[in-house]
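Enquirer: Chains as they are written, first to last, in this note's numbering: chain D, 1 to 230; chain P, 1 to 476.
Source of the hints: derived by calculation from the structure; they are not laboratory data. Glycine is no exception: its CB is placed at the ideal position from the N, C-alpha and C atoms. Watch out, some of these pointers could steer you wrong.
Beta-carbon label-pair distances, calculated as ranges [to be verified]:
1. R46(D) with R9(P): 21 to 27 Å
2. D57(P) with D54(D): 50 to 56 Å
3. A284(P) with D20(D): 44 to 50 Å
4. P22(P) with A71(D): 42 to 48 Å
5. E108(D) with R197(P): 30 to 36 Å
Just a few of them, taken from the derived set where beta-carbon distance is under 8 Å, the chain D residues facing chain P [what the hints assert, rightly or not]:
6. R8
7. V67
8. L101
9. D102
10. P149
11. T158
12. V193
Just a few of them, taken from the derived set where beta-carbon distance is under 7 Å, the chain D residues facing chain P [claimed, not checked]:
13. H87
14. T137
15. I154
One letter stands for each residue in the lines below.
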Amino acid sequence: MSGDARARILATIRDSLGADAPGRDESAVEARLAAHEPNLIPARARIDPGAQVDLFVEMAEEVSTTVARVAGADEVPGAVADYLATHNLPAVAKLAPDPGLDDIPWAERPTLTLSRGKAVDEDAVTITGAFAGIAETGTLMLLSGPDHPTTLNILPETHIVVLRREHIVGAYEEGWARLRAEGRGMPRTVGFVTGPSRSADIEQTILIGAHGPRRLHIVLIDGDGEETEA
Amino acid sequence: MTMAVTSPRFRENARRALADAPLQQALAKMKAGFVDKRLRAVERLPEFDALRDLSRDIKDHVLVNLDHYLERFEARVVECGGEVHWCADAAEARDVILALCRSVDARSVTKSKSMIAEEIGINDHLEAHGIEPVETDLGEYIIQLAKEPPSHIIAPAVHKTRDQIADLFHASHAAYGITERRDDPRALLDDARQVLRRKYLAADVGLTGANFLIAETGSSVTVTNEGNAELTQILPKMHIVLASLEKVVPTLEDAMTILRVLARSATGQEFSSYTTFATGPRRADDADGPEAFHVVLLDNGRSGMLGTEFQDMLRCIRCGACLNHCPIYASVGGHAYGWVYPGPMGAVLTPKLIGIDLAGHLPNASTFCGMCESVCPMHIPLPKMMRHWREREFAQKLSPPRHRAGIALWAWFAERPALYRFAARLGVGVLGLIAGRRGRLKSLPGAGGWTVGRDFPAPEGRTFLDLWARRDGGGR
Ligand code: SF4
Numbered sequence: 001m002s003g004d005a006r007a008r009i010l011a012t013i014r015d016s017l018g019a020d021a022p023g024r025d026e027s028a029v030e031a032r033l034a035a036h037e038p039n040l041i042p043a044r045a046r047i048d049p050g051a052q053v054d055l056f057v058e059m060a061e062e063v064s065t066t067v068a069r070v071a072g073a074d075e076v077p078g079a080v081a082d083y084l085a086t087h088n089l090p091a092v093a094k095l096a097p098d099p100g101l102d103d104i105p106w107a108e109r110p111t112l113t114l115s116r117g118k119a120v121d122e123d124a125v126t127i128t129g130a131f132a133g134i135a136e137t138g139t140l141m142l143l144s145g146p147d148h149p150t151t152l153n154i155l156p157e158t159h160i161v162v163l164r165r166e167h168i169v170g171a172y173e174e175g176w177a178r179l180r181a182e183g184r185g186m187p188r189t190v191g192f193v194t195g196p197s198r199s200a201d202i203e204q205t206i207l208i209g210a211h212g213p214r215r216l217h218i219v220l221i222d223g224d225g226e227e228t229e230a
Numbered sequence: 001m002t003m004a005v006t007s008p009r010f011r012e013n014a015r016r017a018l019a020d021a022p023l024q025q026a027l028a029k030m031k032a033g034f035v036d037k038r039l040r041a042v043e044r045l046p047e048f049d050a051l052r053d054l055s056r057d058i059k060d061h062v063l064v065n066l067d068h069y070l071e072r073f074e075a076r077v078v079e080c081g082g083e084v085h086w087c088a089d090a091a092e093a094r095d096v097i098l099a100l101c102r103s104v105d106a107r108s109v110t111k112s113k114s115m116i117a118e119e120i121g122i123n124d125h126l127e128a129h130g131i132e133p134v135e136t137d138l139g140e141y142i143i144q145l146a147k148e149p150p151s152h153i154i155a156p157a158v159h160k161t162r163d164q165i166a167d168l169f170h171a172s173h174a175a176y177g178i179t180e181r182r183d184d185p186r187a188l189l190d191d192a193r194q195v196l197r198r199k200y201l202a203a204d205v206g207l208t209g210a211n212f213l214i215a216e217t218g219s220s221v222t223v224t225n226e227g228n229a230e231l232t233q234i235l236p237k238m239h240i241v242l243a244s245l246e247k248v249v250p251t252l253e254d255a256m257t258i259l260r261v262l263a264r265s266a267t268g269q270e271f272s273s274y275t276t277f278a279t280g281p282r283r284a285d286d287a288d289g290p291e292a293f294h295v296v297l298l299d300n301g302r303s304g305m306l307g308t309e310f311q312d313m314l315r316c317i318r319c320g321a322c323l324n325h326c327p328i329y330a331s332v333g334g335h336a337y338g339w340v341y342p343g344p345m346g347a348v349l350t351p352k353l354i355g356i357d358l359a360g361h362l363p364n365a366s367t368f369c370g371m372c373e374s375v376c377p378m379h380i381p382l383p384k385m386m387r388h389w390r391e392r393e394f395a396q397k398l399s400p401p402r403h404r405a406g407i408a409l410w411a412w413f414a415e416r417p418a419l420y421r422f423a424a425r426l427g428v429g430v431l432g433l434i435a436g437r438r439g440r441l442k443s444l445p446g447a448g449g450w451t452v453g454r455d456f457p458a459p460e461g462r463t464f465l466d467l468w469a470r471r472d473g474g475g476r
């Protein structure tokens, strides 16, 4: 059925358009796919790296993401423990099996109970890395893979993301460019996450915490020892 | 719920809607909820108009090369281990989806919001064959419980008040151990989250729509705020994407360009909470994600719109801005339109999809104020296309005699003879003059109920009356 439908649909498309429809050009199609040009990057994103970090934080906070800036990887376990304590959350979390998180001295916080792997329904708190932070809208770019199961992003009530300053870029297209440059191909799931989940389906009132996380917290490793804020 | 078509009864539907107090109460919130927020978001992005132009150009380029892009999209999907199922009409799409569900012995299917799913009536079909469809978008969930169709393409339960939702949840959540009637929005959302979480975990198949298909990578793109499309596609063993042909765009970059205008136009957000690119089934070393990935590609008359005066409609990204800014929609809501797609975009699309005989007069539900076109991020000339339908309807002599003789700016208007004669005598230009620069009439003699609580938008440009006068020599 499908094969037959395929031929019929394609034939109808060609017949409806006609062979000489203006702009009809298979080589232009190939060229566009090969070039994958960014079309227009808003000026807001075309700023120097320091300003991109500040814009990222500002935009993230605007959509109810919370951000803690720390000077180095060694401060991450403390920042995570503090966040959980402040919100009366148990110090138990599922940590992404991401080698990129191995330089963080988790063991220095023995009260923080961590296990690694994908998330299950019982996991209230997860901790993952992020491929990129997109400054223009305070968005995280998260790639699925053995190091980052997607369930970690969407099942828990609280998702904590460890983001490194050098991974913040201006625009979405820069995130794609970095992924292409790494040559690892398209992961099964690429998630652009902008704030915790929300719904406005009851009388158009925005409520945070729909089906996905109720809290999205970013621990930003600033690297250059800038001031730390909670 | 599959919709019985009630489009031919638009007039009666509209009259009922105007007298429906809870509906009017719900609709009154739309300005603050959508219109004001969109404006603020647009003003924050100086490049918004340039992005609209680019978005239109991308889609125009795709549409004249649609066969090429679809073939490339399919090739990439197959390379990634997925499958594309081409379906000429709704019946074929229903059969394919049912067969896929049966292939994994599915007992329940979670669904994230998809207008195409409404278009093909998949829920009834699955239910009739013993498979439980579970809507997961909160708005869709509400109307599934109410056994109603959506009344808005991005806010399906926008017509429901909190009180009505509380009653619905109270009636159905007892089965899940929630017996207290709660009407606080937070509590309602928490209850839905709790009930639906079990459904996500139990589902065998996840069915999502797609905002875009990417030819370059074979990806499908979903956009949600709730995270329901993500849970729907990540947890079950099979992910089915149901999308119509025209959703394809060339590259990831092209999708990002259009995404920049989508959320701003739809909800006034800078970006929706979740924009997810799904490409094929889970990889060999992935710990989670679906084991199978299927794209059900639906035509349902769209290929025949190419090369016609309705081709531009295929640029539509279903943002809902034209509904949110339409004075008719704001007065009567979505159900009055009588089928899946309401508002200006529905008035253009519906006659094409279900036939001019059933929906040919929907394009009369317009004041020709031009708001829809002015806010459409894809620059779709909606009023012009409504005029095309009117011309066609006349050509086919489908207007009932009463309709032809008394036709006015829209059916409700036509039923008030005093107002009609008044407007006809003054003519559009004079109405425009009274409205002044704001383009709105504070009160209109004889319009009574209409102008209480809302401004009457002044007609702009050529009305149907002009058209009719030109065609029929001006006789009444
Ligand atoms: S016609 Fe335009 S404004 Fe209306 S839903 Fe489609 S893209 Fe949005």
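Enquirer: Classify the hint on L101(D) as holds or violated, based on whether any CB of chain P lies nearer than 8 Å to its CB.
Expert: violated (16 Å)
Enquirer: The hint names V193(D) as touching chain P; please verify it with the least Cβ-Cβ distance against 8 Å.
Expert: holds (6 Å)
Enquirer: Closer than 8 Å between Cβ atoms is the bar; does P149(D) clear it against chain P? Give me holds or violated.
Expert: Since chain P brings a Cβ to about 4 Å from P149(D), closer than 8 Å, the hint holds.
Enquirer: At a threshold of 8 Å, is the proposed contact between V67(D) and chain P supported by beta-carbon distances?
Expert: violated (16 Å)
Enquirer: Determine whether the Cβ-Cβ distance between P22(P) and A71(D) falls within the hinted range of 42 to 48 Å.
Expert: Given range 42 to 48 Å: violated, Cβ gap about 55 Å.
Enquirer: Can you verify the interface hint for R8(D): is its Cβ closer than 8 Å to any Cβ in chain P?
Expert: holds (6 Å)
Enquirer: May I ask you to test the interface hint for I154(D) with respect to chain P, counting a Cβ-Cβ separation under 7 Å as satisfied?
Expert: holds (5 Å)
Enquirer: Between A284(P) and D20(D), does the C-beta distance stay in 44 to 50 Å?
Expert: Given about 46 Å between the Cβ atoms, the range holds.
Enquirer: Note whether the CB distance of E108(D) and R197(P) lies within 30 to 36 Å or breaks it.
Expert: Given about 34 Å between the Cβ atoms, the range holds.
Enquirer: Would the hint on D102(D) stand, with a C-beta cut-off of 8 Å toward chain P?
Expert: D102(D) check fails; min Cβ-Cβ to chain P is 18 Å, beyond 8 Å.
Enquirer: Against chain P, is T158(D) within 8 Å by beta-carbon distance?
Expert: violated (13 Å)
Enquirer: Just to be careful: measuring from the Cβ of H87(D) to every Cβ in chain P, is the smallest value less than 7 Å?
Expert: This hint is violated: H87(D) lies away from chain P, its Cβ roughly 17 Å from the closest one there, beyond 7 Å.
Hints 1, 2, 4, 7, 8, 9, 11, 13, counting from the list given before, are not met by this structure.
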